[in-house]
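Student: Based on the sequences and whatever the hints tell you, model everything.
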Amino acid sequence: MDALFLSVLQALVIALGAPLLVGTLRTLKARLVGRRGPAPWQPFLDLRKLFGKTPVVSETTSWIFRATPYVLVGAMLVAALAAPVLTSRPPLAFAGILLLMSLFLLGTFFLALAGLDAGSAFGGMGSSREVTVAGLAEPTVMLAVFALALRASTTNLGGIVERVTIEPLLVVNPAHLLAFAAFFIVMLAETGRLPVDNPATHLELTMIHEAMVLEYSGRHLALVEWAAAMKLFVFLTLLANLFFPWGVPADVTPPALLLGLLALAGKLALLAITLAALETAIAKLRLFRVPELLAGSFALAVLSVSAVFLLR
Amino acid sequence: MSALVYALTALLGAAAAAAGVAGMLGTPWVLRIDWLVPLGGMALEMDPLAGLFVALVGAAAVPVSVYAIGYAGRERRGCLAYAVFVAAMLVVPLAANVMTFALAWELMSLASYVLVLDGARAGREPAASAHAGWVYAVMTHAGLACLLAGMLLLTAWTGSARFADWAAAPTLSAGARSLVWALLALGFAAKAGGVPLHVWLPLAHPAAPSHVSALMSGVMIKLGVYGLLRASFVWLAPALPWWGATLLLVGAVSAVTGVLYAIVDRDLKRLLAFSSIENVGIVLVGTGAAVAFAAAALPALALLALAAALYHVVNHAAFKSLLFMAAGGVLHGTGTRDMEALGGLIKRQPWTAACFLAGAVASAGLPPLNGFVSEWLTFQALLQNIRLPQPSMNLAFALAIAGLALAAGLAVAAFVKAFGITFLALPRSDAAAGAHEAPVPMRVAMVATAAACAGLALGASAIVPALAAVAATLVPAPAPITVGAWLTLNISGDFASLSMPAVALALAGGILLPVLLLVVARARPRVRRYETWGCGRLLQTARMEYTATAFADPFTRVFDFFYRPAARLDVDAHPESRFFVRRIRYENPTRFIVDEWLYRPLGRVLRAAAQRAAVVQSGSPNLYLAYVLVALLLLLLVA
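First to last, the sequence lines map onto chains A and B.
This note's numbering puts the first residue of the first sequence at 127, with every later residue one more than the last.
This note's numbering puts the first residue of the second sequence at 5, with every later residue one more than the last.
For the record, the hints were derived by calculation from the structure and aren't laboratory data.
Quick caveat: nothing in here was measured; it's all calculated off a predicted structure.
Accuracy of the hints is not assured; some may be wrong.
Claimed, not checked - DEER-style ranges, computed between Cβ atoms: (1) Leu303(A) x Arg532(B): 20 to 28 Å; (2) Arg595(B) x Ile408(A): 30 to 38 Å; (3) Ala193(A) x Leu12(B): 36 to 44 Å.
Claimed, not checked - Negatives, chain A to chain B, calculated, CB over 12 Å: (4) Val139; (5) Thr153; (6) Gln168; (7) Ala244; (8) Arg255; (9) Asn299; (10) Phe310; (11) Pro380; (12) Leu384; (13) Leu388; (14) Ala398.
Unchecked claim - Residues from chain A shown here face chain B by an in silico Cβ test under 10 Å; the list is partial: (15) Thr150; (16) Trp167; (17) Phe170; (18) Met268; (19) Leu276; (20) Thr291; (21) Ile292; (22) Gly344; (23) Gly422; (24) Phe424; (25) Leu437.
Ideal Cβ positions, reconstructed from N, Cα and C, are used throughout, including at glycine.
Tutor: This is the structure in C-alpha cells:
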C-alpha cells in the first residue's frame, strides 16, 4: 500500500512540479533581464490551451509520430518513479542510474524518429543534432556515475543517497565536486538549456529540440512539452539529491515526506536560480562548439574518477 | 526442393537447440568415431559451454531457416551450402580434438565463403562482391593459420591433440602460454570481428543472402568468442592479467569503431554489419573483464563478467538476426539496400517495419528489450573494478567503461538513422514507392524473433542465473547473483539491482495513463490531417527530406580525426556563365583508417616479398625436383 501511495504521490509531484519549475525559470530569467515576465504558473495555462486544441498531423507521418508523445510521457513517468525524489527509497527501489539514463535515451530515440517522420528538413536536422548531443553526453554520465558508485559501492540511486548522506565534508571532496560539475554540464546538454540549445526561441534553424518537435501541435505538443519539463525536473532532482543528499528521509511517513518535499523545493529553487543566472550570463554556443563543451565535461568526469582512485 | 532443405535445416536446428539446452543443464556425453577422420579420429564432447553455443546456433537456425523458405525458397542455388554451414557451426563447439575442430571450422568458413560468393553473383555489383569474397577468404585463412599454429604448439608441448588433455596437463610456463594465447586470440578474434581484424566483416556480411547474413552476424562470429573463452579459461588456464587488459582495450576500440562506421554508412546491411562489430566489442570487453578478474583471483567478479558476456552473446544473436532478416525484407521488397533510395517503407511494409523497430530498440540498448539488460549487466561487472589493486588495470577498465558508454550513446544515433531514413517520411525512389510486404514465412520468422527479444529481457531473472551456471564451469565460484521479489536481479549483494518485468509493466502503465486520462477527459479524438509545414513551398517531395548522409554529418564533423573525410565537389557550369549550373557531382567516400594504415602497407610488403620469392619459381620441373631432394636431405639431417 505504501508503495502505491508513494508512487502516486511521487508521480504527482513530478507531473505538477515540472511545469511549475519551467515557469519559475522563465519568470526568474525575465526578472534578471529587467522584464516582468509571465507568472510561474503560466505553463499550466499553456498546457490547458494546447490540450483543448485539435492536433494537426502531417499526411506524411506514420503511427510513430502519433505514438511518440505517449511513449515520451511514459518513459518520463517511469523515470519519475525510479528517481529518489521525496525519499531515498523510490517506488522502483531497484532502479539505478543506468536505467534512468536509458529511459531518457528511449525518449530521445522516439522523439528523433518522430522528427524524421514528417519528411521536412527541419525535423531531420533537429533529430540529427539531438542524437549527436545525446550520444556524446553519454560517456560523461557514465563516468560521473562511476565516481559516485565507487564511493557508495552501489549503483542503486537510493543506496547512493543513503551512503553519501552519512559522509562528512562532502562539499569539499574534490572527486564529488568534479563529478557534480560534469553532471551539471551534461544536464544542460540533455535538457536543451543554454549554452547548448536555447529553449526560448523558435527559429527552426538554430534549434535542436524545437526543430525536432516543429510538427507537433495540440495535445501531442502538450504531452511533448510536459515530458520535456519532467525530464528537466528529474535531472535537477538528481543533481540536488545525489550530490547534496541533505534532508532526504529514508522512511515513508507523512511528516517525513513533507520534510522531503520542502527540502527538495529549497534545493530546486537554488538550482533554478543558478540556472537562470547562468542562462542570462552566457550566449548559445555554435553547434560544433558543443562537442568541445561535452569533451570538457568528460575530462572533469575522468578527473573525478581518478581522484577517487587516488584518494582511496 | 530447396524449401525442403530449409525445412529440414529448421528441424535440425530445433533438435540441436534441445540437445544444447540438455547439455547446458548438465548431461555431458562423448562421441568418438576413430576411423572417420585421420590423425586422431572424430571426437565430439558435450559440456555446458559447448551446450550453450550449440543451443544458440540451433535456436537461431530455426527462424532463419523458416525465413529462408520465403526469402529464397524458389532459388535452388545455395540451399545445400546453407545446410552444411549450419551443420558445421553445430559441430565447432562440440569438437574435442584438433583435427575435428580444424575440419569443422574450415567447413564452416568454406560454406559461408560459397554463400558470400553466391550472394555476390546474384548481387548488383559483382566486382565489389567478388572482392568481398576474396578478402573474406584471405582473412579467414590467415586466422586459421594462427589457430593451427597455436594448437599444434600446444599439441607438441602437452603431447596430445585432445582438448581434454590440454586442460589436464601440467601448467606450462607463462611465456609459452602467452605465446599460444596470442596465436589463438588472433585467430579467434579475426573470426569474431574484433578491430583491427574486422575488415572482412563489413564486406562479407552484406554480400551474402540475408538469411545467411543473419546467421553469420548472429552466430558465426560468436564462435570466435567461444574459442576465446575455451582458450583463456580451459586450455591455457590460469589466465594472465595482460590477456584481460588486451581484450578489454580491443573490445572498447571495436565497440567505438564499429558504431562510428555504422553511423556514416548508407548501405542498410553494411550498417548492421558494423553494428555487429560494436556488439562483439561489448562481448570482448565482458570477456576481458572476466579474464582480468580471474587473473587477479576474484572469481566471483569473473563469473559475473562472464555471465554478462554470454548474455550479450545470446541477446545479440537474437536482435541481430532479427535486424538482418528485416533488412532482407527491405531488400526483397524494394531490390535495394541503399538507404538514400529508401524511405516511407513503414506504410508499404508495416510488419517488416515493426520488426526492424523492435530490433533497433534492442540493438540501441534501450529498455524494455534485451540489448539493454546485457549491457546493464556488463556495466555492473565493469564498475566493480575498484576491487582490483593495480591502478593500471583500473585505468584500462575506466577506458573500457567510457568506450562502451560512448558506443551505447552513438548506437542510438545509428539506429535512429537506420530506421528513420529507411522506413519513415516519403519514399526516395520508385523502388521504395512500389515496395511490397514480405511473404508469410518471412513475417512469421521475424515476429517470432522479435518476441524472443522481449522474452530474453523479461526472463532475465531466469536466464542470467542459468548463464552464470555455465560460466561457473569455467571459473568455479558461487554466483554473486540472487533473485529477489518482483523477479529482481541483485548483483553482488546490494551493488546493483534490476527488475525487467517491473520496468516493462511501469512503462506500459506510463504509456497508457495519458491515453486513459485523455479518454476520461473526453479530449476530442479528432485529428486534422494536413501537409507538412514547409515555409510556404508549394508541394512536398522526397528531395526535401533529410538524407542518411546529412543525418550523419554532425558526426563526420565531430569525429573528423577518425573519418578523415575526403569530400569532392565538381560543379559543371554553363560555358557562358558560372551561375547556370548544369550538373553538380558530390562525393564523400568513407575512408577506413585501419585499411589505409595497416592493410595496404602490409599488402605492399607482402607483394614485394612475393616478387622476391618468385625468383625460385623458374618453371623448370627439374629444378623443382632438386628442391624436393634438398628438402628431404635437410629433413633427414635434422631428424
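Student: Let me make sure I understand: some of the numbered hints might not hold for this structure. Which ones are they, in numerical order?
Tutor: Hint check: 1, 7, 8, 15, 16, 17, 20, 21, 23, 25 fail, others pass.
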